[in-house]
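In this text, residue positions in the sequence shown follow our numbering: the first is 1, and each later residue adds one.
Certain hints may be false.
No farther apart than 27 angstroms at their CA atoms in a straight line, the calculated lysine-lysine pairs in the BS3-like style are these [as the list claims (entries may be wrong)]: (1) 529 x 62; (2) 872 x 915; (3) 281 x 88; (4) 55 x 88; (5) 846 x 858; (6) 62 x 242; (7) 730 x 813; (8) 88 x 915; (9) 578 x 533; (10) 725 x 62; (11) 227 x 281; (12) 227 x 242; (13) 565 x 725; (14) 242 x 88; (15) 823 x 846; (16) 577 x 30; (17) 827 x 79; (18) 62 x 30; (19) 266 x 915.
Here are the in silico distance ranges between beta carbons for each label pair [said to hold, decoys possible]: (20) 491 x 679: 23 to 29 angstroms; (21) 831 x 299: 31 to 37 angstroms; (22) 678 x 508: 18 to 24 angstroms; (23) 730 x 491: 56 to 62 angstroms; (24) 367 x 584: 42 to 48 angstroms; (25) 375 x 884: 54 to 60 angstroms.
Rather than coming from a laboratory, the hints here were simulated on the basis of the structure. Nothing here was measured: the structure is a model prediction, and the numbers come from that model. Idealized CB from N, CA, C, for every residue including glycine.
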Amino acid sequence: MKIYLCILSLFICSITFAQTTVSGSVKDSKNEPIPGANIKVEGESTGTISDGDGKFTLSTSKKPPFTIEISSIGFGTQKVSVTSNNQKVTAVLADEETQLDEIVVSASRTPERLRESPVTVERFTAADVKRTASPTFYDGLENLKEVQMNTSSMSFKSINTRGFATVANTRFMQLVDGMDNSSPLLNFVLGNLIGVSDIDVASVELLPGASSALYGANAFNGILFMKSKSPFINEGISAYAKYGQTSQRAAGNNEYYDYGVRAAKKFNDYFAAKANFTYMKGTEWHATDYSDKDVAGRDRSHHNYNGMNVYGDEASTNIRSVGQTLAGLGLIPASAVNLLPNENVSRTGYNEVDLTDNVVRNAKIDFSLHARPFGNENFEIIWQSKFGFGNSVYQGANRYYLNGFEMQQHKLELTGKNFFIRGYVTSEDGGNSYDMLFTGLNINKAWKPNETWFGEYAGAYIQSTLVGATPAQAHATARNLADTGRLIPGTPEFQAAFNDVIDNPDVLVGSKLVDNSKIYHSDANYNFKDLIKFAEIQVGGSYRRYDLNSFGRIYTDTPQFGGIKYDEYGVYTQVQKKFLDDRLKFTGSIRYDKADNFDGNYSPRVSLVYSAGEAKNHIFRGSFQTGFRNPTTQDQYIGFNVGNAILLGSAPDNLTRYNETLNINNGTDLQGFNYAGGTTATIDGNDAYFDSYTKESVDAFAALASSNPVAAAALLKRTDVDLVKPETVKAFELGYRGQYEGFNIDINGYYNIYNNFIGNLTVIAPLYGTAQDSPVPYTGAPTTDEGTRSIHALVNGNVRAFQLYTNTDIEIKSVGFGVGLSKKLSKNFEVSANYNYAQFDFDQSKDPSFEAGFNTPKHRVKASISNDNLFKNFGFNVSARWSDEYLWESTFADGMIDEVTVIDAQISYGIPSLKSILKVGATNLGGTEYRQLLGPGLIGQQYFVSLTINP
1 MKIYLCILSL
11 FICSITFAQT
21 TVSGSVKDSK
31 NEPIPGANIK
41 VEGESTGTIS
51 DGDGKFTLST
61 SKKPPFTIEI
71 SSIGFGTQKV
81 SVTSNNQKVT
91 AVLADEETQL
101 DEIVVSASRT
111 PERLRESPVT
121 VERFTAADVK
131 RTASPTFYDG
141 LENLKEVQMN
151 TSSMSFKSIN
161 TRGFATVANT
171 RFMQLVDGMD
181 NSSPLLNFVL
191 GNLIGVSDID
201 VASVELLPGA
211 SSALYGANAF
221 NGILFMKSKS
231 PFINEGISAY
241 AKYGQTSQRA
251 AGNNEYYDYG
261 VRAAKKFNDY
271 FAAKANFTYM
281 KGTEWHATDY
291 SDKDVAGRDR
301 SHHNYNGMNV
311 YGDEASTNIR
321 SVGQTLAGLG
331 LIPASAVNLL
341 PNENVSRTGY
351 NEVDLTDNVV
361 RNAKIDFSLH
371 ARPFGNENFE
381 IIWQSKFGFG
391 NSVYQGANRY
401 YLNGFEMQQH
411 KLELTGKNFF
421 IRGYVTSEDG
431 GNSYDMLFTG
441 LNINKAWKPN
451 ETWFGEYAGA
461 YIQSTLVGAT
471 PAQAHATARN
481 LADTGRLIPG
491 TPEFQAAFND
501 VIDNPDVLVG
511 SKLVDNSKIY
521 HSDANYNFKD
531 LIKFAEIQVG
541 GSYRRYDLNS
551 FGRIYTDTPQ
561 FGGIKYDEYG
571 VYTQVQKKFL
581 DDRLKFTGSI
591 RYDKADNFDG
601 NYSPRVSLVY
611 SAGEAKNHIF
621 RGSFQTGFRN
631 PTTQDQYIGF
641 NVGNAILLGS
651 APDNLTRYNE
661 TLNINNGTDL
671 QGFNYAGGTT
681 ATIDGNDAYF
691 DSYTKESVDA
701 FAALASSNPV
711 AAAALLKRTD
721 VDLVKPETVK
731 AFELGYRGQY
741 EGFNIDINGY
751 YNIYNNFIGN
761 LTVIAPLYGT
771 AQDSPVPYTG
781 APTTDEGTRS
791 IHALVNGNVR
801 AFQLYTNTDI
811 EIKSVGFGVG
821 LSKKLSKNFE
831 VSANYNYAQF
841 DFDQSKDPSF
851 EAGFNTPKHR
861 VKASISNDNL
871 FKNFGFNVSA
881 RWSDEYLWES
891 TFADGMIDEV
901 TVIDAQISYG
911 IPSLKSILKV
921 GATNLGGTEY
931 RQLLGPGLIG
941 QQYFVSLTIN
951 P
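With the hints as constraints, model all of the structure from the sequences given.
Pasting the structure below:
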């Protein structure tokens, strides 16, 4: 009870101070409003920002007289004395580069000047939203230093900072008004599908690098903070309408439109509310890469073609084995079997463009109610609900069409001057989403079973060979005959089969993805700065519960086992102290996190910031921190058939949750049934992790088995992996921020050491026998040796491939640095440029099967020039970015991404009488189509005209 009263008294202390309110406007020397200006009480972190018209309202518990500081990027700082409550202020800022005085919150969970931030922080301000040449502010984030975008769809972009990211960037966190935007099922951010509208963005802050010390396990390689506007500060009705065209060689020219409205009302000092609605629709970038995923240079004419954006051709089998089966059934003479090549043949697949409607949609709805019981910002109660709906394409091991996907979040937050307590729930519904690979596979099976198709192929090949056809001619004839009756896209018969398949979650006949998963999360923070004076001390913590429910389609949460629920929690504290006339700032923090299935982890961080120079405008910083990432829900509990393998998580109870019964091929020696103990065999996760061969050794075995079985057997290696555990990083960072002859300069460098890096390993589990290193070779004679029996299973295809989740023993190191420059020139011109270098290193020989998946260019250059007032009411912005080629590695495909240069531009015209801005923009002006990963369609050009009206 005493503890409860003590805690309660802390919160009461923070909300019972008397209030002083200051309001006014901020303008430049030309009497134009300055949006996004920072207004704060001198000597305190209490502050606010000006709205789109340069207006602001600041409330503080400090009694007059006191001084407020007003600043904005590109302008000097002005100090104003406040001598009375409700004082009106008009500030005119002189032009000057003062970026160092911007207020950021993300780096230390407390407002501080950018100059005092202990780590690298990138910002995207309200002014940046206004001037961006990208179609949306979220697209415009790609121009920030350290940001690399991975584009899976026109509406699904994933942010990569400091490497080791695919579309599924589980090492990056995104918070919108304090809520984690990650999908409960997938554990990664779905771009801005449930984010913030362009007209509701108050600020965006990016922390590249490890942030686990304050934000927990998922903030491993970076974190993005998006804050929406408060209805107490930004009232009125805002709206925008955007219309344009996308252009791509594969898709042609297609309409694109995007519109939204925001309504906010401050009813009085005690209550305010707001609502947002946005809707976007366009044509997806068509994915038409028909190169072979497995063999460079192979095309559709090859009998075992497996196209990148072709699905159904993954059904592949050894055609001679088919002949052996036919001979065993008496359907062909045994002598005809040898006429068949000892090669695999694949079925004819369907193009991706025929398996989706290629329409991208996204609707976002959110509303919030805000109550201030004491009539000031020292205590506010917020209820917020967010809904996101749409169609998009997500790429993981396969490509998935998120059709009618829905995600929603509901938050209750109590926040004040020195504290917050919030709780929220995130839930999602897969709608009519489906796996495109299984759609192609099962449409093929619907019109002709695989056994029939391959049997007809083998028979036709034999007949063609007997009449003198060459192998190429025989393959072509066989495919034409086997494809008799094939469903043709666009026909009613194809559409009926397509609808049946995507509506069925059974992977044997369907492709539907089912998901009703949830996340329950709560966190709290208290800052003791008003109670403890020698240093600024914060404490906080969080709790999260995962509630997985894919009905057994993706996870092993089948009805007989029930759903999957597991918890994680964390607590942290931070101390900040200034020394040497406030020139030296020390920050130390430590966090402890514990998750079910894993031991707890500590994440410490220490940093020093020193402000040199008479004006303290040369700031040096250094930090060391550790971070960790808990295995995701997929790493632990997935049990997902992706066609060529089973993705299998390694939580101890997941190994028994997953099991599968498969048919046995008896083999030409008729011993398969004997070794398996029947016509079927049951396999579970323990077999995958502890009784399997590495895929590399099986491939080496297969290449040599027919010519030298003894040497081939010696190449087999039993899988030796541990169950997945958290990965860790030690991060060292140095940086400098300063001003020199009007230039804002930001330099940072980092060095990261990763251990227990989480990755995937593909293995082959025999359905009988026991996997062994270099087992006794199979000679054809019956055997009781379990190792030899496992070879029999390999030879006769009695195996199951798995993709496991585990850690590599390799120590991985990454290094990088970045330089950012900006300057405000005469006549309102502004220029900026930044450069990033990124590289990683590890000893591949210690783990030949490991793929690092760095997926980041070594060199990146970005630059822009803009003028918000080129002449009366006219502005423009041109931005360019270049990156060199880099290696893309993922479970879907590996290959090189070409060097690319992209130029975007916009011109804008302000209409003061309507309080609106008309903008015309275009992206990728050079017209060269490019990609950022293998699998999605090439990114073409986008043209748009928009009208934005602000109150």
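Consistency of the hints with the structure:
1. 529 x 62: holds, 14 angstroms
2. 872 x 915: Holds - the C-alpha atoms of residue 915 and residue 872 are around 15 angstroms apart, at most 27 angstroms.
3. 281 x 88: The hint is violated at about 44 angstroms.
4. 55 x 88: holds, 11 angstroms
5. 846 x 858: Holds. Residue 846 to residue 858 sits at ~24 angstroms (cutoff 27 angstroms).
6. 62 x 242: violated, 44 angstroms
7. 730 x 813: OK: residue 730 and residue 813 at ~10 angstroms, within 27 angstroms.
8. 88 x 915: holds, 23 angstroms
9. 578 x 533: holds, 11 angstroms
10. 725 x 62: violated, 50 angstroms
11. 227 x 281: Holds, at about 25 angstroms.
12. 227 x 242: holds, 23 angstroms
13. 565 x 725: Given pair residue 565, residue 725 holds - Cα atoms ~18 angstroms apart, limit 27 angstroms.
14. 242 x 88: Violated - the C-alpha atoms of residue 88 and residue 242 are around 37 angstroms apart, more than 27 angstroms.
15. 823 x 846: Measuring from Cα to Cα gives roughly 48 angstroms; hence the hint is violated.
16. 577 x 30: violated, 40 angstroms
17. 827 x 79: holds, 25 angstroms
18. 62 x 30: Violated - the C-alpha atoms of residue 30 and residue 62 are around 33 angstroms apart, more than 27 angstroms.
19. 266 x 915: holds, 20 angstroms
20. 491 x 679: 23 to 29 angstroms: Cβ of residue 491 to Cβ of residue 679: about 38 angstroms, so the range 23 to 29 angstroms is violated.
21. 831 x 299: 31 to 37 angstroms: Distance hint for residue 831, residue 299 is violated at roughly 47 angstroms.
22. 678 x 508: 18 to 24 angstroms: holds, 20 angstroms
23. 730 x 491: 56 to 62 angstroms: Holds - the Cβ-Cβ distance for residue 730 and residue 491, about 59 angstroms, lies within 56 to 62 angstroms.
24. 367 x 584: 42 to 48 angstroms: holds, 45 angstroms
25. 375 x 884: 54 to 60 angstroms: holds, 56 angstroms
Comparing the model with each earlier hint shows violations of hints 3, 6, 10, 14, 15, 16, 18, 20 and 21; every other hint is respected.
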